[in-house]
Amino acid sequence: MALFFQLVAASVRGQARYPVSALMLTLSQFLVTGIEVIAVWALFNRFGDVQGWRFGEVALFYGLVNIMFAAADALGRGFDTLGTEFLRTGAFDRLLLRPRPLALQLMGHDVRISRLGRLLQGALVVAFATAEAGIAWTPATAALALLAVAGGAALFLGILVLQGTLSFWTVESLEIANVLTYGGVEAGQYPLAIYERWFRWVLTFAVPLAAVAYYPALVVLGKADPLGAPAWVGWWSPLAGFVFLGLSFAAWRIGVRHYTSTGS
0 MALFFQLVAA
10 SVRGQARYPV
20 SALMLTLSQF
30 LVTGIEVIAV
40 WALFNRFGDV
50 QGWRFGEVAL
60 FYGLVNIMFA
70 AADALGRGFD
80 TLGTEFLRTG
90 AFDRLLLRPR
100 PLALQLMGHD
110 VRISRLGRLL
120 QGALVVAFAT
130 AEAGIAWTPA
140 TAALALLAVA
150 GGAALFLGIL
160 VLQGTLSFWT
170 VESLEIANVL
180 TYGGVEAGQY
190 PLAIYERWFR
200 WVLTFAVPLA
210 AVAYYPALVV
220 LGKADPLGAP
230 AWVGWWSPLA
240 GFVFLGLSFA
250 AWRIGVRHYT
260 STGS
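Quick note on numbering: numbering that gives the first Met the number 0 labels position 103 of the sequence shown as 102, and the sequence is numbered without any gaps.
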């Protein structure tokens, strides 16, 4: 872990050498995601409640999911660029020579300050949802929200790990990973109950985004699940994100064993 924090510090120092650029990138992340909030507000302002869900309640889903993704995106940049930055150039061999875990080196490789923009914006939306939906936070629900954020960050990081794993067989752009990352963020911003049954199944069992966002948020809101799931599910479901990350790293180890260098 000492090495990881050293790598993170080196990455941050490198970006801090150009403070104006880092600030502008962070601000752009904040503003771009802010436009998404306005789009959600415009939807509810035009059509009113959606299947009994109010804007304040949906804002909680939005805020939590964006905090999760911001944390994962900051840590998973190395896996995101593995194919083009490491495998294609042969720089991955240098990582293999170091007597430290590969995953740890990649996670600390390029921790982007700009991701703070999305994280801050998500936190502000959670604060807005608290006031708008009248959420009464307790130590238990606050701890659950933190567990959900950690589980969600693990889930999105797991998707990035899988993207990096697939790069061992193809170093071309893997658009399917963007469907799961950015597409997952978009899908997670709304309650699971509004989707079709087949899509709910995908978000629950294939990519368990519902487990880290939907069910915990129901507990925080004090709202019964329209789909009939018991309340205790929300207290345990965030653990699915850590299980997903563990499975992703298992696939990662298979990919590393198949790596045969660039041949140059």
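Don't take each hint at face value.
As the list claims (entries may be wrong) - Simulated restraints, written as ranges between beta carbons of each label pair: (1) Trp200 / Ala122: 42 to 48 Å; (2) Leu145 / Gly182: 43 to 49 Å; (3) Trp200 / Pro18: 43 to 49 Å; (4) Arg87 / Ala223: 29 to 35 Å; (5) Trp40 / Ala90: 25 to 31 Å; (6) Gly13 / Phe43: 37 to 43 Å; (7) Arg12 / Val49: 21 to 27 Å; (8) Gly47 / Gly245: 39 to 45 Å; (9) Asp48 / Ser20: 38 to 44 Å; (10) Pro18 / Ile253: 40 to 46 Å; (11) Pro18 / Arg196: 45 to 51 Å; (12) Asn177 / Leu2: 14 to 20 Å.
Simulated from the structure, these hints should not be mistaken for laboratory data.
Note that the Cβ used here is the ideal one computed from N, Cα and C, for glycine as well.
Evaluated hints:
1. Trp200 / Ala122: 42 to 48 Å: Given about 31 Å between the Cβ atoms, the range is violated.
2. Leu145 / Gly182: 43 to 49 Å: 25 Å, violated
3. Trp200 / Pro18: 43 to 49 Å: Given about 47 Å between the Cβ atoms, the range holds.
4. Arg87 / Ala223: 29 to 35 Å: 51 Å, violated
5. Trp40 / Ala90: 25 to 31 Å: Between Trp40 and Ala90, where Cβ atoms are some 44 Å apart, the hint is violated.
6. Gly13 / Phe43: 37 to 43 Å: Holds, at about 42 Å.
7. Arg12 / Val49: 21 to 27 Å: 46 Å, violated
8. Gly47 / Gly245: 39 to 45 Å: Because 42 Å falls inside the window, the suggested range holds.
9. Asp48 / Ser20: 38 to 44 Å: 42 Å, holds
10. Pro18 / Ile253: 40 to 46 Å: Since Pro18 and Ile253 have Cβ atoms about 41 Å apart, the given range 40 to 46 Å holds.
11. Pro18 / Arg196: 45 to 51 Å: About 50 Å separates the Cβ atoms of Pro18 and Arg196, which means 45 to 51 Å holds.
12. Asn177 / Leu2: 14 to 20 Å: 30 Å, violated
The structure is inconsistent with the numbered hints 1, 2, 4, 5, 7 and 12, although it conforms to all the rest.
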